[in-house]
Every structure is written in structure tokens, then in C-alpha cells.
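Q: This is what each chain is made of:
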Amino acid sequence: MSPKSVDYANLLRTQYIPHIWCPGCGHGIILKAVLRAVERLGLDKNKIAFVSGIGCSSRAVGYVDFNTLHTTHGRALAFATGVKVARPDLHVIVVSGDGDALAIGGNHFIHACRRNIDMTLIVFNNYIYGMTGGQYSPTTPEGSFASTAPFGSVEPPFDVCNLAIAAGATYVARGTAYSTAQLDKYVEKGIQNPGFSVIEALSQCPTYYGRKNKLRTPVDNLKWQKDVVVSAAKAKDMTPDQLAGKIQVGELHHGTRPEFIRTYQTIIQRAKDAALAE
Amino acid sequence: MKIKEVRFVSGNEACAIGAIAAGCTFFGGYPISPSSEIAEFLAELLPANDGRFIQMEDEIAAMGSIIGASLAGAKVMTATSGPGFSLKQENLGFACMAEVPCVIVNVMRGGPSTGAPTSPAQADILQSRWGTHGDHPIIVTCPTTVQEIFLEVIRAFNLAERFRNPVLYLLDEINAHMREKIEIPEASELELIRRPAPPQAENWGFPYRRNAEGVPLMPDFGTGHRCHVTGLDHGETGFPTGNAEIRQALHHALMAKIDKNAASIYKNDLFMVEDAETLIIAFGSTARSARRAVELLRKQGRKVGLFRPITLYPIPEADILKAAEGKRKIVVPEMNLGQYVLEIRRILGHDIPIAQVNRTDGEPITPDQIMAAV
Numbered sequence: 001m002s003p004k005s006v007d008y009a010n011l012l013r014t015q016y017i018p019h020i021w022c023p024g025c026g027h028g029i030i031l032k033a034v035l036r037a038v039e040r041l042g043l044d045k046n047k048i049a050f051v052s053g054i055g056c057s058s059r060a061v062g063y064v065d066f067n068t069l070h071t072t073h074g075r076a077l078a079f080a081t082g083v084k085v086a087r088p089d090l091h092v093i094v095v096s097g098d099g100d101a102l103a104i105g106g107n108h109f110i111h112a113c114r115r116n117i118d119m120t121l122i123v124f125n126n127y128i129y130g131m132t133g134g135q136y137s138p139t140t141p142e143g144s145f146a147s148t149a150p151f152g153s154v155e156p157p158f159d160v161c162n163l164a165i166a167a168g169a170t171y172v173a174r175g176t177a178y179s180t181a182q183l184d185k186y187v188e189k190g191i192q193n194p195g196f197s198v199i200e201a202l203s204q205c206p207t208y209y210g211r212k213n214k215l216r217t218p219v220d221n222l223k224w225q226k227d228v229v230v231s232a233a234k235a236k237d238m239t240p241d242q243l244a245g246k247i248q249v250g251e252l253h254h255g256t257r258p259e260f261i262r263t264y265q266t267i268i269q270r271a272k273d274a275a276l277a278e
Numbered sequence: 001m002k003i004k005e006v007r008f009v010s011g012n013e014a015c016a017i018g019a020i021a022a023g024c025t026f027f028g029g030y031p032i033s034p035s036s037e038i039a040e041f042l043a044e045l046l047p048a049n050d051g052r053f054i055q056m057e058d059e060i061a062a063m064g065s066i067i068g069a070s071l072a073g074a075k076v077m078t079a080t081s082g083p084g085f086s087l088k089q090e091n092l093g094f095a096c097m098a099e100v101p102c103v104i105v106n107v108m109r110g111g112p113s114t115g116a117p118t119s120p121a122q123a124d125i126l127q128s129r130w131g132t133h134g135d136h137p138i139i140v141t142c143p144t145t146v147q148e149i150f151l152e153v154i155r156a157f158n159l160a161e162r163f164r165n166p167v168l169y170l171l172d173e174i175n176a177h178m179r180e181k182i183e184i185p186e187a188s189e190l191e192l193i194r195r196p197a198p199p200q201a202e203n204w205g206f207p208y209r210r211n212a213e214g215v216p217l218m219p220d221f222g223t224g225h226r227c228h229v230t231g232l233d234h235g236e237t238g239f240p241t242g243n244a245e246i247r248q249a250l251h252h253a254l255m256a257k258i259d260k261n262a263a264s265i266y267k268n269d270l271f272m273v274e275d276a277e278t279l280i281i282a283f284g285s286t287a288r289s290a291r292r293a294v295e296l297l298r299k300q301g302r303k304v305g306l307f308r309p310i311t312l313y314p315i316p317e318a319d320i321l322k323a324a325e326g327k328r329k330i331v332v333p334e335m336n337l338g339q340y341v342l343e344i345r346r347i348l349g350h351d352i353p354i355a356q357v358n359r360t361d362g363e364p365i366t367p368d369q370i371m372a373a374v
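First to last, the protein sequences are chains S and H. Residues 1 to 278 (my numbering) make up the first sequence, in order. Residues 1 to 374 (my numbering) make up the second sequence, in order.
Think of the hints as simulated: they come from the structure by calculation, not from any bench. Incorrect hints may appear among the rest.
[What the hints assert, rightly or not] Derived pair list, reagent style DSS-like, types lysine-lysine, alpha-carbon separation capped at 30 Å:
#, chain 1, residue 1, chain 2, residue 2
1, H, Lys181, H, Lys299
2, S, Lys234, S, Lys32
3, H, Lys181, S, Lys272
4, S, Lys226, S, Lys246
5, S, Lys185, S, Lys246
6, S, Lys272, H, Lys2
7, S, Lys272, H, Lys4
8, S, Lys236, S, Lys246
9, H, Lys329, H, Lys303
[To be verified] To give an idea of the chain S side of the interface with chain H (calculated C-beta under 8 Å), a few residues:
#, residue
10, Tyr16
11, His19
12, Trp21
13, Lys45
14, Asn46
15, Asn67
16, Leu69
17, Thr71
18, Arg75
19, Phe79
20, Ala80
21, Gly82
22, Ala86
23, Asn107
24, Thr263
Yeah, the Cβ is synthetic: ideal placement off N, Cα and C, and Gly gets one too.
Work out the full structure, taking the sequences as your base and the hints as a guide.
A: So, in C-alpha cells, the structure goes:
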């Protein structure tokens, strides 16, 4: 489906636009991929809970016409878990940045994966803390510059997707703001997956990350995304040397494990049966 | 009152049974002594009562989960103790700011830090009032007996729902683990309150427009309204604003919601106060020793009375002033180094002598100690 046939105005709170993101930011591109997935899946706006934490990406929730919850820094998944457990019929979609999801929210990230609770997390990964002025994050590549890494970051980054797979998420994919068609598909499949889904979307921050790392313009950043990625399918036939410095994109994991809400439903039944038997 | 059942239970169990009676359908918790039994009982009770229990990965997540569940329409509770209560403070502030009904039980233990996990204390009084950052409204209640733990947790839920505000429910290691007889009333005898409903069935665009009590008419998620909830300063629409006038109005409205309705939140228990020359002001488990002290002193012909605030905040200033009127001495025993007494001094001034009885060695304050201070 071409983007033109999507009624974005119906899905957005247009009165709050223009948004607060900088010119050239990738977050709007990723948000549109989410809106297209929602439209294609025919989800009822009243049945979507869109939850975020704190940071640039987390401001996305203010612009969409769903039940929206802008929580505290790092805690979006904890709040979202409460929403989902209390109202299992809602589609719970969580948006989070790399700092929000992987640093301050790292514990909630791995435990949401472990529970395999039926929610979809989209990590807007721009390798930097944008809202606070460009400090290095848990995904900033080693050696990259940031306002708190004036000599280059000395820390190795997390691989968001490997972490999600290891912790137990059942649908894990990585896409980019550059390749929206693929990203659309991953978000759609993530929402459809009856378990915890993680979609890492590479975004760009020309204002902070780009400016300090020789990617000054938005176009430079998008070209970098285009050049650095390799599809997971192609990567299978590549040597470690050939893969050095590359980022794999695609559907990286799609498995099945018991899902929290459905399993708990059986507990409710057992408890009620036991109460009746007494 | 028609009684359904008489049971012999611990305070923590009474708290769990009371939560179910209050209509609690969601508990998000994390184990911590001496509160863990509340989570254990609710893990068993909730699923059979159309509720859901989840043990979260940490105290912060437990607090976040109850806020999410409350916004989705559930009556919610969590339970913790000192260190966990400290961890919950940021999200507690979110619940105050976004006006999310919830009950947080803090079974107080010795502190600071890890302190004395299995010993009683009453050292979280001021943290309960001012623990999270920023000016914020809060309701704090503190029961004394196991029967009262059961009844007061129902009132805590009702206050949380009626005012869309967190209610902090302070037990301590003594009354949480003490076993006493409780009478459980028939469900029909209990008045249960639910949060104010929005004025229209769908598409209500003003979740923070207020009723006559100053409480916002917020819809629950998933009911056809699609509202926005944020911890940022916001107007009636729920969306963030930089408008100074709207921001100021929000902060005043948050405080006014509790302050203007304080008279219906106060609850005190007065024992032999009228003719007393000396007034003891005590709450929670310490009030048990205080009551015993009054009884023993009265037998000796001493005119002593007990003022027991069950609602600690909003603080019943006028009631304290009235109870203290004409008294020669005030005695404030508490299992800390002097917290609520700061409020008492502020209210009563320096014209009346105020004696403190304090203890933080993990042992309860005895009637003898209080009698000596009188």
C-alpha cells in the first residue's frame, strides 16, 4: 500500500503539530511507519494504548490519536505492563529511545522480553541522548563522539536485538528510517505477534550525533544508514571479516513461547475452579 | 453492621482481605520484608476474584505497573517497606501529577538504608508527606489494630478513587505481623467508591476538567475517549503546556483538591481527652502502648487522654488544636527520632510543653516509657 492512501490526519492529533523534533530528525519517519502498520492492520484507535517514557522519541505519543501515556524516564514498559494486564484486549505499543529503553529502562526491557507479554516495543535508536544535549548512550558506537565523550566513547555498545533475543522476546527485527518499506513490515508483524516484540529502528540525530561524528546533514545520516546495513539473509553467507562494522537488518528472530497474559488466564481459571470446589 | 465472618489473621493478611473487599483488581508488587505477605495473599486471592497479580522486576516497576493498570480502569495497590518506598518516589510523583488513583502500603521498618528489615519503625512519616520531588498533594493514613487495618484499607481505596490521588497506607512491622480477631462485614455493608466518570460516553476531550470537589473527570483507557496522560505540566486537555497561567492553575488545583476536602479525609480516635490535663498524641502501633499508658495512669487518678490521628495527612490541625486546648502538657511518642512531633510543635507553638518519646532500636515504645514522660 502506498503511503498516500493512509489517512494520517485520522491517526494524528493534528492540532499539536508541528512537532518538537529537530529538522532532519528520523523519529517522524519511524512514527509514520507505526501509523501505517496500525492502518493496514485495521486496529481500532480506541483499543490502542500508546505508551512512552522520556526523551525525544517518547514525545511521539502526544501526536497520535490513541489512548496515550507519557510516563517517567525508562519506565514505559512497566506502566505498559500494568495497562496490558488490566486490559488484555488493548493493543499496547511502546515507543522508547536507546537511552530510555536500554540504560535507565534496561531492567524493564529484559524482563518484558522474559515474560513474553503481548506488547510491541519500538526502539528509536539514534545512538545519543538528544533531549538532554547529546550525551553518549548504551548504543553509541565505541569511539564515537558525544557531549560526554569528547575524546570518543570508551564503552562498548549494546546490540539491542541480540539482547532482546537472548532475554526471550518472540519477534525481533531491525530496520532503518532509510528503508521505510521494510520497517512498515516489521512493525506490522511485531504488532501481530502474540508475544513480546522488539523492533529496533535506526533513526538519525543530525543535531547531536551527526554534528559530532562527521554526519552533518540529514542526508549524510541516511546515506550512512544505507551503507552500513546488510540484510540478515545476506549476512549468513558472509565471513566475520566481511561483517565487521556492518549492522544486520531484517527479521532476526521469530519464535514461539508461552505468552504471559494467556498463561495467567489459565491461572485465573484454576483459581476460580478451586474456589468453587471449596 | 451485619458480620459475614470472624477470622484470626495477621495485619498483612487483613490488609489483603480488605483490599479484595474494597474492589482491588490489580496488585503489582516486589518482595520486601516485612510487607511480603500482602503480595503472597493477593497472589492467591486476586485470580479467584476477577483480579490479576504480577510480581514485577523491581520496586520502581511495581509502582509503574499499578499506575498503568489504574489508568486502564482497575482499582490498584502495591505494598512495600522503607527501601522500596524510597525507590517508588518518582513514580509516586507521577501518580500525584497525572492524578492516578492508587493505594501504596508501606509496612514501616527501621532505616535509613537497609536498617532493620524485621523490626518495627515509624520513621517514614515525613517521607510519606514529602518524599517525591515538587509540591504535591498526598493522603496518608495509619491504622493501629488488625481490625482497623482491614477497615481502613477500604477507606484508603475509597479516598484514592474519590480524589484520584495516591493514598499512602502506613503499617509497621508490629501490626503487620500481629494476629488478632477481625470481623468481616457482609459486602452489602461496605460503601465502595469509584472514580468520577467523565460527563459523556465517548470522545471527552477534557480529562482534567474538574467536578465540584475539584477532582478531574478522567476516562479510563480503552473506553472510547483516547486521552493523553503525562507527567509534564498540562491543562484541561491533558496535553503539555508552557503557558504560565495554566501551569500555576494546575499546581493550585492539585493541592486544593485535598486541602478543600480535608474535613472529609480526617479521621481521629479520641480516648479520655475531654477532662485530661496531659494529652498523648500517638498513631499506629505506638498508640496501643499509649492507650495502655492512659488506662494505667487513670487507675492512679492521673488525668491523661489520647488523641490518635488515623489520617496523618492532610494533617488535622483544627482537631489537634481543639484536643490540646487547655492541656498542661503534650506527649508525642513515635518510633523515630521525632518526625510527627515537628508538625505538632508547628501547630501548637511554644506555649505548651511538648515531651517526646522516641525509639529507633527496633523495639516498641512501652507503656512504661510513655508513663514516665507523662
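Q: Compare the structure with the hints numbered earlier in the document and write down the numbers of the violated ones, lowest to highest.
A: 11, 12, 24
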